[in-house]
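K.L.:
The lines below spell out each chain.
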Amino acid sequence: MKFETPIAVKEIAAFIGAELAGDETLMATGINEIHKVETGDISFVDFEKYYNACLTSPATIIIINKKVDVPAGKALLVTDDPFSAYVSLVKKHRPFVPLTSPLSDTAVIGEGTVVSPGVVIGHHVTIGKNCIIHPNVTIYDHTTIGDNVIIHAGTVIGADAFYFKKRASREVMYDKLLSCGRVIIEHDVEIGAGCTIDKGVSGDTIIGAGTKFDNMVHIGHGAVIGKNCLFAAQVGVGGKAIIEDNVILWGQVGVNKDLTIGKGAVVLGQSGIGKSIDGGKTYFGSPVEDAREKKKELAWIKRIPEIWSKLNS
Amino acid sequence: MKFETPIAVKEIAAFIGAELAGDETLMATGINEIHKVETGDISFVDFEKYYNACLTSPATIIIINKKVDVPAGKALLVTDDPFSAYVSLVKKHRPFVPLTSPLSDTAVIGEGTVVSPGVVIGHHVTIGKNCIIHPNVTIYDHTTIGDNVIIHAGTVIGADAFYFKKRASREVMYDKLLSCGRVIIEHDVEIGAGCTIDKGVSGDTIIGAGTKFDNMVHIGHGAVIGKNCLFAAQVGVGGKAIIEDNVILWGQVGVNKDLTIGKGAVVLGQSGIGKSIDGGKTYFGSPVEDAREKKKELAWIKRIPEIWSKLNS
Amino acid sequence: MKFETPIAVKEIAAFIGAELAGDETLMATGINEIHKVETGDISFVDFEKYYNACLTSPATIIIINKKVDVPAGKALLVTDDPFSAYVSLVKKHRPFVPLTSPLSDTAVIGEGTVVSPGVVIGHHVTIGKNCIIHPNVTIYDHTTIGDNVIIHAGTVIGADAFYFKKRASREVMYDKLLSCGRVIIEHDVEIGAGCTIDKGVSGDTIIGAGTKFDNMVHIGHGAVIGKNCLFAAQVGVGGKAIIEDNVILWGQVGVNKDLTIGKGAVVLGQSGIGKSIDGGKTYFGSPVEDAREKKKELAWIKRIPEIWSKLNS
Chain G
1 MKFETPIAVK
11 EIAAFIGAEL
21 AGDETLMATG
31 INEIHKVETG
41 DISFVDFEKY
51 YNACLTSPAT
61 IIIINKKVDV
71 PAGKALLVTD
81 DPFSAYVSLV
91 KKHRPFVPLT
101 SPLSDTAVIG
111 EGTVVSPGVV
121 IGHHVTIGKN
131 CIIHPNVTIY
141 DHTTIGDNVI
151 IHAGTVIGAD
161 AFYFKKRASR
171 EVMYDKLLSC
181 GRVIIEHDVE
191 IGAGCTIDKG
201 VSGDTIIGAG
211 TKFDNMVHIG
221 HGAVIGKNCL
231 FAAQVGVGGK
241 AIIEDNVILW
251 GQVGVNKDLT
261 IGKGAVVLGQ
271 SGIGKSIDGG
281 KTYFGSPVED
291 AREKKKELAW
301 IKRIPEIWSK
311 LNS
Chain C
314 MKFETPIAVK
324 EIAAFIGAEL
334 AGDETLMATG
344 INEIHKVETG
354 DISFVDFEKY
364 YNACLTSPAT
374 IIIINKKVDV
384 PAGKALLVTD
394 DPFSAYVSLV
404 KKHRPFVPLT
414 SPLSDTAVIG
424 EGTVVSPGVV
434 IGHHVTIGKN
444 CIIHPNVTIY
454 DHTTIGDNVI
464 IHAGTVIGAD
474 AFYFKKRASR
484 EVMYDKLLSC
494 GRVIIEHDVE
504 IGAGCTIDKG
514 VSGDTIIGAG
524 TKFDNMVHIG
534 HGAVIGKNCL
544 FAAQVGVGGK
554 AIIEDNVILW
564 GQVGVNKDLT
574 IGKGAVVLGQ
584 SGIGKSIDGG
594 KTYFGSPVED
604 AREKKKELAW
614 IKRIPEIWSK
624 LNS
Chain U
627 MKFETPIAVK
637 EIAAFIGAEL
647 AGDETLMATG
657 INEIHKVETG
667 DISFVDFEKY
677 YNACLTSPAT
687 IIIINKKVDV
697 PAGKALLVTD
707 DPFSAYVSLV
717 KKHRPFVPLT
727 SPLSDTAVIG
737 EGTVVSPGVV
747 IGHHVTIGKN
757 CIIHPNVTIY
767 DHTTIGDNVI
777 IHAGTVIGAD
787 AFYFKKRASR
797 EVMYDKLLSC
807 GRVIIEHDVE
817 IGAGCTIDKG
827 VSGDTIIGAG
837 TKFDNMVHIG
847 HGAVIGKNCL
857 FAAQVGVGGK
867 AIIEDNVILW
877 GQVGVNKDLT
887 IGKGAVVLGQ
897 SGIGKSIDGG
907 KTYFGSPVED
917 AREKKKELAW
927 IKRIPEIWSK
937 LNS
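Protein chains in written order, with the working numbering: chain G, 1 to 313; chain C, 314 to 626; chain U, 627 to 939.
Looking at chain G on its own, in the form it has when it is part of the complex (with noise of 0.2 Å):
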């Protein structure tokens, strides 16, 4: 998430209460998990093994528990939870603004769109020409939709990422961080019945133009879906995974958090997809595998028998 205009990091440290070190002329841009973070960008970091990866990245300016020493050119905002730091800043810059309306009046609608009874539609949500929104769709704020789109009934838009800080010694055990990413959804792309699209973490959730969604398809907070995909009904899609191009996945599919699944790449119906697959193949099982492999894996589970009786003949 980008600010409407730049911050001086002075305000953010009296802000957040943190103690500054480095530079103090900075100006914060925006505020980013550290896979999405830009130049000029707050980004958060609390646990020691991800200093480093947090220090080098382009964030400018980092929130860290522990006075280290500071980058060229960074500054650093020093505190003792630097998680709640984070949530603070974006819940005062994403402030959550309820409803009193079911269109918002921030809602820019192109012409030629059909927006259905029964549909509630957020603050600064932008939607193209020539779309169809079904009945009951919600569509949360910031999301954004291009034309032609075609959305059917129940479908939920840019819902909280599924994303929590453990505090294992409170009694309400599951922090959560505030999501200030939004939804992209490029030109052409149809979305089922019933499906859930979460919005990223700070970062945007996007679906490719020309792709296509059957009913009750979950798409988790800052995937990225390719363009051409076809995803039948059931599909389950984690957080941040990467789905290139004309990737086919069957109905009820499960596909794991931060992988990415290769151009082309046919998924057979139930499978579970728990780590990074190559494109252009057929795939099959849960785990997953070349869809050859695993057709031969289970012949060879019904030899079992005839090997067991060989070995005693």
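To be clear, the hints were calculated from the coordinates, so they are not data collected in a lab.
If you anchor each label on the Cβ, the simulated ranges turn out as follows:
1. U/Ile874 <-> G/Val97: 27 to 35 Å
2. U/Asp904 <-> G/Ser313: 34 to 42 Å
3. C/Asn443 <-> U/Asp904: 42 to 50 Å
4. U/Val723 <-> G/Asp105: 32 to 40 Å
5. G/Ser309 <-> C/Asp382: 53 to 61 Å
6. U/Thr726 <-> G/Val172: 33 to 41 Å
Dumping the calculated SDA-like pairs for lysine to any residue here, alpha-carbon to alpha-carbon at most 20 Å:
7. U/Lys921 <-> C/Trp613
8. U/Lys920 <-> C/Glu619
9. G/Lys176 <-> U/Asn774
10. G/Lys302 <-> C/Arg616
11. G/Lys296 <-> C/Trp613
12. U/Lys889 <-> G/Tyr174
13. U/Lys922 <-> C/Ile614
14. G/Lys310 <-> C/Arg616
15. U/Lys718 <-> U/Gly643
16. G/Lys295 <-> G/Glu306
17. G/Lys296 <-> C/Lys588
Quick caveat, the model's predicted, so the values are computed rather than measured. Idealized CB from N, CA, C, for every residue including glycine.
Mind docking chains C and U on chain G? Use the hints.
P.N.:
Only chains C and U this time, still in chain G's reference frame:
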């Protein structure tokens, strides 16, 4: 789909810009996919390998992309792109008419039926007597629902078929086949919360009398579900599957498209049904097998280490 | 379910047309399934093999289909069809009252709670303080929600139990058991988008404090979920399952009804849990096993061809 009144084949030819061959005096009674087509109807074919099936089907008028011999009593409509011609006919005769209120004034609601707040009911929907439609349900155009039906909140009846033609050379690769079928829900059916039941491409998706679905059940386009079936939560059924009477599917079962599950079959949780299975038996696994065979197989797998050690002793 | 005030057993007998045996002066305090029944309550039994369990349960008044010896201090209500008698009592004392507006005037909403557009809230619902109920959520009658709860769009809380009695000889084979239980969501719970949480048949479905669900999670009737659990997207939990505190279920996990998952168990994606499992361990597979054992098993399967070739060498 049937036309409201028969249409002269000449008029059809002019509308889609096709060359007319054969009996020019024919009247078209409707338009249907090949597996649903009846005498008098129009169908289309655009792959040579399906020509024969279409030409010998009950279809009286065939949209085709090559001039071939006209079967007796039929007419051909020859055009480069039969798919687009078919779609343009569906678009003309079953146009999408946006809803201007949550309850279309062409909908017919039976006596004693409760329609809850947030429900959206489309054009030409018929609902029988003594039904309960819980909140935020969406019922698309042309759906027919019997008596004593209960539909739980958030369910979507009649969304479009997930059916596209691949146009490999186009930037937007998947070309949508407009659906003109319906969903028919017979008497005494109960549908859980958050379910999705798609309409048929040209025919009807049918949920047989007395059948009960738990929550988040997905039924694909044109599937025909028998009477007195029980589907547990998160079951998914592919397009045009035929599930006979008294079938029980446990939670998260996946059923492929274009297959048949025989009467009284019981399928245990998370099973995946890729091919037709006989009735009267219990099944388990993905891919599915007779449940007892599958259990034996699982037991054999556990004995591989024993086999290995015997082999090496 | 408890009655608002106790009801004379004579009055109950007259209402359901049952023969009264035993203590005719008893007052019934409520009506419950056998596993939830308390002293003073009515329960029912219609299979001889369950007679003893019901007669020796805390139930004070038992609807039964055969005249048997009356246990001391109890009463029997003898009728041919105890199931229908039970249902008629539920129908009378917990009648379905259609909503005439999206927010029942018997609902109580706490201070600081946001109710978004499209939300439907039933009769006698209680929602605590500082909650966010996102758009198009449906909350059925009698649901109780604590403080600081977030419910994402399209979720359905409190739909009916999926519970039917099979009447093999009837045309409409499955006879619905009317649910009179509730859903109770404790403080600091977050429920994702498109989830469904059913009410209990006669008791309560409980989501423990601090528990977080991702999208499209299904919870069956009367399940009891502990505190600080994390359920990823598309998890399904069967009726009356007990899931203890701190359990983590990854995406698409399926949990059978009537079992227990011990405290702190972690279940990897797409696993299927058919029987109770101990806490404190990590599990994988369908059927589920200890994750390390399952991984060894998968490795052994890959060695079958090696075994075969060794056997033939």
